[in-house]
Amino acid sequence: MAAVTTTPRQKIGWGTANFVVIALAMIPVLWLVSLSFKTPTAILDPSFIPASWTWSNYTQILSTTQFIRPLINSIGIGVISTFIAVVLASMAAYAVARLRFPGKGILIGMALLIAMFPAISLVTPLFSIERAIGLFNTWPGLIIPYIAFGLPLGIYTLSAFFREIPWELEKAAKVDGATPFQAFVRVIAPLAAPGMVTTAILVFLFCWNEFLFAISFTSTLAARTAPASIAYFSGSSQFTVPTGPIAAAAVVITIPIIIFVVFFQRRIVAGLTSGAVKG
Amino acid sequence: MSTTTEAVPGGATTEVAKGRKAPLSEGARAERRLGWLLCAPAVIVMIGVTAYPVGYAVYLSLLRDNLELPNAVKFIGLSNYGAVLSSPYWWQALKVTVIITVISVAFTLVLGMLLALLMHRTLFGRGTVRTAALIPYGIVTVAAAYGWQYAWTPGQGYLSALFNNAAPLTTEYKALAVIILAEIWKTTPFMALLLLAGLSLVPEDLLKAAKVDGATAWQRFTKITLPLMKPAILVALLFRTLDSFRIFDNIYILTGGTNNTGSVSILGYDNLFNALNLGIGSAISILIFICVAIIAFLFIRGFGASAPGSNLGNR
Numbered sequence: 174m175a176a177v178t179t180t181p182r183q184k185i186g187w188g189t190a191n192f193v194v195i196a197l198a199m200i201p202v203l204w205l206v207s208l209s210f211k212t213p214t215a216i217l218d219p220s221f222i223p224a225s226w227t228w229s230n231y232t233q234i235l236s237t238t239q240f241i242r243p244l245i246n247s248i249g250i251g252v253i254s255t256f257i258a259v260v261l262a263s264m265a266a267y268a269v270a271r272l273r274f275p276g277k278g279i280l281i282g283m284a285l286l287i288a289m290f291p292a293i294s295l296v297t298p299l300f301s302i303e304r305a306i307g308l309f310n311t312w313p314g315l316i317i318p319y320i321a322f323g324l325p326l327g328i329y330t331l332s333a334f335f336r337e338i339p340w341e342l343e344k345a346a347k348v349d350g351a352t353p354f355q356a357f358v359r360v361i362a363p364l365a366a367p368g369m370v371t372t373a374i375l376v377f378l379f380c381w382n383e384f385l386f387a388i389s390f391t392s393t394l395a396a397r398t399a400p401a402s403i404a405y406f407s408g409s410s411q412f413t414v415p416t417g418p419i420a421a422a423a424v425v426i427t428i429p430i431i432i433f434v435v436f437f438q439r440r441i442v443a444g445l446t447s448g449a450v451k452g
Numbered sequence: 173m174s175t176t177t178e179a180v181p182g183g184a185t186t187e188v189a190k191g192r193k194a195p196l197s198e199g200a201r202a203e204r205r206l207g208w209l210l211c212a213p214a215v216i217v218m219i220g221v222t223a224y225p226v227g228y229a230v231y232l233s234l235l236r237d238n239l240e241l242p243n244a245v246k247f248i249g250l251s252n253y254g255a256v257l258s259s260p261y262w263w264q265a266l267k268v269t270v271i272i273t274v275i276s277v278a279f280t281l282v283l284g285m286l287l288a289l290l291m292h293r294t295l296f297g298r299g300t301v302r303t304a305a306l307i308p309y310g311i312v313t314v315a316a317a318y319g320w321q322y323a324w325t326p327g328q329g330y331l332s333a334l335f336n337n338a339a340p341l342t343t344e345y346k347a348l349a350v351i352i353l354a355e356i357w358k359t360t361p362f363m364a365l366l367l368l369a370g371l372s373l374v375p376e377d378l379l380k381a382a383k384v385d386g387a388t389a390w391q392r393f394t395k396i397t398l399p400l401m402k403p404a405i406l407v408a409l410l411f412r413t414l415d416s417f418r419i420f421d422n423i424y425i426l427t428g429g430t431n432n433t434g435s436v437s438i439l440g441y442d443n444l445f446n447a448l449n450l451g452i453g454s455a456i457s458i459l460i461f462i463c464v465a466i467i468a469f470l471f472i473r474g475f476g477a478s479a480p481g482s483n484l485g486n487r
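Those sequence lines, one after another, are chains A and B. The first sequence begins at 174 in my numbering and counts up by one. The second sequence begins at 173 in my numbering and counts up by one.
Chain A extracted, bound-state conformation:
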């Protein structure tokens, strides 16, 4: 806490600052919400609050496979990638946090490199490889690169969490005759669950957000994810820009993020800050 006693002036100062931040964060989102409820004529009126309201933008996008299918793809690809990335990252992070073995530094260096890797550098070669081995425009064609980019995030966040775990319990389990692997699965994994949930949220947000691979490695609705599909929306005729439906789709894919952020604010902040200091 900054001050022992707080004056009304301080309260007003911090309160104003809070308000400015909340407003700046929310206005662009509320603008999308406003657009998504505007009728086609109201869209041509720049006022922030719709002059006339309609649900038709939502009914339009939610009744077409053009958006529903990508939404399913996004959820499926996101969940599978997140699950695999968190499992693999937990194994590696356990080793980093707990075991002595040569090559640990190389693993950490590699994860760091990949965290900073320019994704565009992979687009051309992966596009070519995926076409050659039949992964182009399939779920695994996106899941595999998402796992690779989720892993560094996962390894950092999880090894930070794993160091906070009371390891005497593991020793106790080993004294009782458990192998190191059993100690990992039976004793440590349950204690590590909160860190794993946090990591899973962060990795899922990454997959949900990803756009470059999603437009590069897909060509049809078979694997195209929701953000990519929005970029391919077309109007009811080629002369209308589908502003309303695009805004509605943007709001739909923002809803899960709002839910995560509202319910897991503490975890997300803890996850991002722990990875930053220690990683």
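Calculated directly from the structure, the hints in this document are not laboratory data. C-beta atoms are modelled at their ideal positions from N, C-alpha and C, and glycine is treated no differently. Hints are supplied without guarantee of correctness; some may be wrong.
Per label pair, the in silico range of CB-to-CB distance [to be verified]:
no., chain 1, residue 1, chain 2, residue 2, range
1, A, 188, B, 335, 24 to 32 Å
2, B, 249, A, 214, 54 to 62 Å
3, A, 436, B, 394, 31 to 39 Å
4, A, 352, B, 196, 16 to 24 Å
5, B, 249, A, 359, 29 to 37 Å
Result set (DSSO-like, lysine-lysine): computed pairs, CA atoms no more than 30 Å apart in a straight line [claimed, not checked]:
no., chain 1, residue 1, chain 2, residue 2
6, B, 267, B, 346
7, B, 383, B, 402
8, B, 267, B, 402
9, B, 395, B, 383
10, A, 184, B, 383
11, B, 395, A, 184
12, B, 380, B, 395
13, A, 184, B, 346
14, B, 380, B, 402
Listing some non-contacts, in silico: residues in chain A with all C-beta distances to chain B over 10 Å [claimed, not checked]:
no., residue
15, 233
16, 242
17, 290
18, 310
19, 312
20, 324
21, 338
22, 343
23, 345
24, 349
25, 366
26, 393
Starting from the structure of chain A, add chain B where the hints point.
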């Protein structure tokens, strides 16, 4: 990356280094094997998806390989690099990328620091502020970019209306300003969270002592907080700089790279999917990779002992 590799086996592992001449005990060898076994799947995926394709891109970049002319594939050495480096498009894209990176990172550093201080110190509503700040961080960049695009469309957007029906997305520098604005809005919270991590490491007692000694708030910030946060600031700057350097989503939606607003990532994408040129596209990929490696190298030289990851193994 040598700094990270060297620094890691400190602390807990020094005993191992000392006893390395002695044969490993059965337990130590089992631990080693388990360590490798647990890391193997992650390492295989990371190498398979990055190192191998980059190697393949190096190979592709030496070929004339146009998807429209599948029978004309031919080894042409470094000609693709020559073609890219002598093309005004590459230098224009690099210029745009550097402008966006420098300006947006500078702004996010200052704004991120202010936001971090607020998230750290505000007297009430801390949870609400943090939750609100996480929304730009979490929101899908494409969704937010459409919001900005419509907001700046004349006759349709509130921001355009606010500025006399301005149409900034149709001219080069104003469009860049909108792209940078979208980038700053989206990434300031991430910067703030990275800085918040450093801020929480500044001992409260030290600040109180300085206050008792009569240091002003500004003096406490510049003389105590900032120096102690230097490692966190460098990490945040490194991540944000490299992240900004690969900017793609915002530009793709806001301008599509028209009016000379394309970044190097947009150029690479267009070369593959519009020009269908694997050779040139790969050469661009490798050049971007080299740029990123140079930036990372310079930052890591600047880190010295505080390189990210250096304390992972021994904390």
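Evaluation of the provided hints:
1. 188/A to 335/B: 24 to 32 Å: holds, 29 Å
2. 249/B to 214/A: 54 to 62 Å: holds, 60 Å
3. 436/A to 394/B: 31 to 39 Å: holds, 38 Å
4. 352/A to 196/B: 16 to 24 Å: holds, 18 Å
5. 249/B to 359/A: 29 to 37 Å: Since the Cβ atoms of residue 249/B and residue 359/A sit about 58 Å apart, the hinted range of 29 to 37 Å is violated.
6. 267/B to 346/B: Between residue 267/B and residue 346/B the Cα gap is close to 15 Å, so the pair holds against 30 Å.
7. 383/B to 402/B: holds, 21 Å
8. 267/B to 402/B: holds, 29 Å
9. 395/B to 383/B: At roughly 12 Å apart (the allowed maximum being 30 Å), residue 383/B and residue 395/B satisfy the hint.
10. 184/A to 383/B: With Cα atoms ~20 Å apart, residue 184/A and residue 383/B stay inside 30 Å; holds.
11. 395/B to 184/A: holds, 26 Å
12. 380/B to 395/B: This hinted pair holds, its Cα atoms lying about 13 Å apart.
13. 184/A to 346/B: Given that 30 Å is the threshold and the Cα spacing comes to 38 Å, the pair is violated.
14. 380/B to 402/B: Given pair residue 380/B, residue 402/B holds - Cα atoms ~20 Å apart, limit 30 Å.
15. 233: Since the minimum Cβ distance to chain B is about 16 Å, residue 233/A lies beyond 10 Å and the statement holds.
16. 242: Nearest chain B Cβ is 17 Å from residue 242/A, so the label holds.
17. 290: violated, 6 Å
18. 310: holds, 14 Å
19. 312: holds, 15 Å
20. 324: Its Cβ does come within 10 Å of chain B, the nearest being 5 Å, so this is violated.
21. 338: Non-interface label stands for residue 338/A: nearest chain B Cβ at 13 Å, farther than 10 Å.
22. 343: holds, 12 Å
23. 345: Residue 345/A is indeed farther than 10 Å from all Cβ atoms of chain B, at 17 Å.
24. 349: holds, 16 Å
25. 366: holds, 18 Å
26. 393: holds, 15 Å
Checked against the numbered hints listed earlier, the structure breaks hints 5, 13, 17 and 20; every other hint is satisfied.
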